[in-house]
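**Student:** Residue-level listing of the chains:
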Amino acid sequence: MPSVQDRVVAVTARVLQLDESEIKLEQNFSADLGAESVQSIELVANFEEEFGIEMEEDAALSVDTVASAVEFITKVCEEQGVAV
Amino acid sequence: MSVADRRKDHPLIDTTEPNLLEETFDYSLPPLIKFDGPMVETIDGEQITFDPNAAVKRDIHITDTTFRDGQQARPPYSIDQMVHIFDLMAKLGGPQGVIRQTEFFLYTKNDRETLDRCRDLGHDFPECTGWIRAVKGDFRLVKEAGLKETGMLTSCSDYHIFNKLKFKSRQECMDSYCEVVDAAFEAGIRPRCHLEDITRADWDGFVMPFVDRLMRMSEQVADELSVKIRICDTMGFGLHYPGVELPRSVPKMVYKLNQECGVPSSRLEWHGHNDFHRVHANGATAWLYGCDALNGTLFGFGERTGNPPIEGAIMEYIALKGSLCGIQTEVITELAEYMRSIGLPIPENYPFVGKHFNTTRAGIHAGGLRSDERIYNICDTTALLGRPPRVALTDKSGADGVALWVNDFFGLKGDERISKIKVHKLARWVMDQYEVEGRMTAISDEELEQKTEELMPVYWEKFKGVAV
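First to last, the sequence lines map onto chains S and W. First residue of the first sequence: 1, per the working numbering; consecutive thereafter. First residue of the second sequence: 1, per the working numbering; consecutive thereafter.
Keep in mind that the hints were calculated from the coordinates and are not lab data. There may be inaccurate statements among the hints.
[Stated by the list, open to error] No more than 20 Å apart at the CA atoms, straight line, and that leaves these computed lysine to aspartate or glutamate pairs for DMTMM-like:
#  : chain 1 : residue 1 : chain 2 : residue 2
1  : W       : K148      : W       : D120
2  : W       : K168      : W       : D202
3  : W       : K413      : S       : D58
4  : W       : K321      : W       : E22
5  : W       : K91       : W       : E127
6  : W       : K425      : S       : D58
7  : W       : K34       : W       : E17
8  : W       : K425      : S       : D6
9  : W       : K91       : W       : D124
10 : W       : K57       : W       : D9
11 : W       : K425      : S       : E26
12 : W       : K462      : S       : E54
13 : W       : K425      : S       : E57
14 : W       : K355      : W       : E416
15 : W       : K425      : S       : E54
16 : W       : K464      : W       : E416
17 : W       : K464      : W       : E449
18 : W       : K355      : W       : D204
19 : W       : K164      : W       : E224
20 : W       : K413      : S       : E57
21 : W       : K148      : W       : D182
22 : W       : K143      : W       : D182
23 : W       : K425      : S       : E56
24 : W       : K321      : W       : D380
25 : W       : K34       : W       : D5
26 : W       : K425      : S       : E20
27 : W       : K396      : S       : E54
28 : W       : K136      : W       : E179
29 : W       : K166      : W       : E144
30 : W       : K425      : S       : E49
31 : S       : K75       : S       : E26
32 : W       : K413      : S       : E48
33 : W       : K136      : W       : E172
34 : S       : K75       : S       : E48
On a predicted model such as this, the values are computed, not experimentally measured, just so you know.
Here chain S stands alone, though its shape is the one from the complex:
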């Protein structure tokens, strides 16, 4: 099974229409990867769908880098009993 990090990178690449190889953990979704307002919402929605979780809106939208998204999603999966 792919890791949380691999799945986050895959979703990010798909939503932002990037090549997975262009995405680095330390990159900021908006400043480095060019996510605009609606794309930020789409990222969160697609992460929810990918992992089968529900994320609190304000907390999810305050996540700014790929690494912090991996960390945040891992924590939510644990809280909601979703195996990753």
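Go by the hints and put chain W onto chain S.
**Tutor:** Frame of chain S, contents of chain W only:
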């Protein structure tokens, strides 16, 4: 004192709790108008102070000319239309008569039938009054109609006296007007002299001598016949701020008539026009400086650019008095809908009744509305006007705007409300309309409903109860 000497320190008063200034912005009413000192005007070299709080305690009120000046700006209303508008106006002004009077033409059979049918409704307010030319024979019409008061033209600028009415002198003009006033007294009818074009008139040379004479004539008759003065800013030249010279100064005009000519506030009325966008401010200013009646028309329809809008005066009245005083504000919406239905256009951004008067388009504003509607709504327009704040979706609306529209559409409140994450497909469709399709117009409610059903089928089924 120099600017440097006037400088003060203004230290931050830090707090973790917001101060929403709710004594003024209590949201259930239009924001209250509060005064923290007198208004000062220099008149003939003397500083005169006016107490606005005392002014607010006077019996200020609104009078209507929708059927007279209002009708001069459009094709005639039918009798049924006027009777319906009159009925709604009575409800709007309430039992305390905040809308105190309305005036009617009396010249045709239709005019007189309209008047009879309006009075047959049995409302205490607005009282029906007449409007006639300054012609002695016309009082027969007023008397036959059983009216106690009528307006009559007494134009007072030299533009009118010499160039329009062709009098040979001011004396001849004044004598002619006063003959008609005498005829009114003889007929037992109170004359309301409409001092037309007063903001272009010679005050020392004609206006005040004429009003002095009218007041002396009034002393000879019973109180209920004494002359009322309508201050008519016929061309919209009036200015409301202090320091302006006569004849354009609203404060000075009202003061001179009230204090120097001795016209009581209860017999002074302001009638304005909107040629320079000053119509409402001038009317409200007249209230504050000593004039009890503010004459206007529904939605400001009137000759050329129109008159003080009555719905604006209603909101100002509530804001000054601090309570509804029996006014049924929701009737404003009913009147607007009726006016539209009979072919009177109301611009979409027109205050209180325009289709989009409380619609926000910017996403950042929609985000504010979503968290607390007070942030971008003027007052509780849902309760006062039956008009909840809305968003119109464009490329500037963002996911916040889309979420607000969806929640309003489904009627969801509090914890039930759908987060913007759940509307992402609809938000994407909206953005693509502009970024991909090159759209240049706002998206209609009908389009959004259709797309919501298509892109949010689970929510559609849950809240619209329709299987998909």
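**Student:** Could you run down the list of hints and mark each one as holding or not?
**Tutor:** These are the hints, each one checked on the structure:
Our distance criterion of 20 Å between C-alpha atoms is met by K148 of chain W and D120 of chain W, whose separation comes to about 16 Å. For the suggested pair K168 of chain W and D202 of chain W, the alpha carbons sit about 16 Å apart, so the restraint of at most 20 Å is met. Annotation: proposed proximity of K413 of chain W to D58 of chain S holds, straight-line Cα distance about 18 Å (limit 20 Å). The hinted pair formed by K321 of chain W and E22 of chain W meets the criterion: a straight-line CA distance of about 16 Å does not exceed 20 Å.
This hinted pair checks out: K91 of chain W and E127 of chain W have alpha carbons roughly 13 Å apart, not beyond 20 Å. Pair hint K425 of chain W plus D58 of chain S holds up; C-alpha atoms about 19 Å apart against a cutoff of 20 Å. Our distance criterion of 20 Å between C-alpha atoms is broken by K34 of chain W and E17 of chain W, whose separation comes to about 24 Å. Between K425 of chain W and D6 of chain S the alpha-carbon distance is near 24 Å, which puts this suggested pair outside the 20 Å criterion.
Using a Cα cut-off of 20 Å, the hinted pair K91 of chain W and D124 of chain W holds, with the two alpha carbons roughly 11 Å apart. Note on K57 of chain W and D9 of chain W: the hinted pairing is violated, with a Cα-Cα distance of about 37 Å set against a maximum of 20 Å. A threshold of 20 Å between alpha carbons decides the hint, and for K425 of chain W with E26 of chain S the separation of about 28 Å lies outside it, so the pair is violated. For the hint pairing K462 of chain W with E54 of chain S, the CA-to-CA distance comes to about 19 Å; that is within 20 Å, so the pair holds.
Distance check on the hinted pair: K425 of chain W and E57 of chain S sit about 16 Å apart at the alpha-carbon level, within 20 Å; holds. The suggested pairing of K355 of chain W with E416 of chain W is violated, with an alpha-carbon distance near 27 Å, which exceeds 20 Å. For the given pair, K425 of chain W sits about 17 Å from E54 of chain S by alpha-carbon distance, which is consistent with the 20 Å threshold. Restraint check for K464 of chain W and E416 of chain W: satisfied, since their Cα atoms lie roughly 14 Å apart, inside the 20 Å limit.
For the hint pairing K464 of chain W with E449 of chain W, the CA-to-CA distance comes to about 11 Å; that is within 20 Å, so the pair holds. At most 20 Å may separate the alpha-carbon atoms for a hinted pair to count; K355 of chain W and D204 of chain W exceed this at roughly 47 Å. Taken as a hint, the K164 of chain W and E224 of chain W pair is broken in the structure, with Cα atoms around 32 Å apart against an allowance of 20 Å. With a C-alpha separation of about 17 Å, the suggested pairing of K413 of chain W with E57 of chain S holds against the 20 Å cut-off.
Straight-line distance between C-alpha atoms of K148 of chain W and D182 of chain W comes to about 15 Å, which keeps the hinted pair within the 20 Å bound. The hinted pair formed by K143 of chain W and D182 of chain W meets the criterion: a straight-line CA distance of about 14 Å does not exceed 20 Å. A threshold of 20 Å between alpha carbons decides the hint, and for K425 of chain W with E56 of chain S the separation of about 18 Å falls inside it, so the pair holds. For the proposed pair K321 of chain W and D380 of chain W, the alpha carbon gap of about 18 Å is at most 20 Å, so the pair holds.
Distance hint between K34 of chain W and D5 of chain W is unfulfilled; the C-alpha atoms sit about 29 Å from each other, more than 20 Å. For the proposed pair K425 of chain W and E20 of chain S, the alpha carbon gap of about 23 Å is over 20 Å, so the pair is violated. A distance of roughly 27 Å separates the Cα atoms of K396 of chain W and E54 of chain S; the hinted pair therefore is violated under the 20 Å criterion. With a C-alpha separation of about 8 Å, the suggested pairing of K136 of chain W with E179 of chain W holds against the 20 Å cut-off.
Using a Cα cut-off of 20 Å, the hinted pair K166 of chain W and E144 of chain W is violated, with the two alpha carbons roughly 31 Å apart. A threshold of 20 Å between alpha carbons decides the hint, and for K425 of chain W with E49 of chain S the separation of about 13 Å falls inside it, so the pair holds. At most 20 Å may separate the alpha-carbon atoms for a hinted pair to count; K75 of chain S and E26 of chain S meet this at roughly 18 Å. Using a Cα cut-off of 20 Å, the hinted pair K413 of chain W and E48 of chain S is violated, with the two alpha carbons roughly 24 Å apart.
Restraint check: the Cα-Cα separation between K136 of chain W and E172 of chain W comes to about 16 Å, which is no more than 20 Å; the hinted pair holds. Taking the CA atoms of K75 of chain S and E48 of chain S, the gap is about 13 Å. The hint holds against a cut of 20 Å.
Checked against the numbered hints above, the structure violates hints 7, 8, 10, 11, 14, 18, 19, 25, 26, 27, 29 and 32; every other hint is satisfied.
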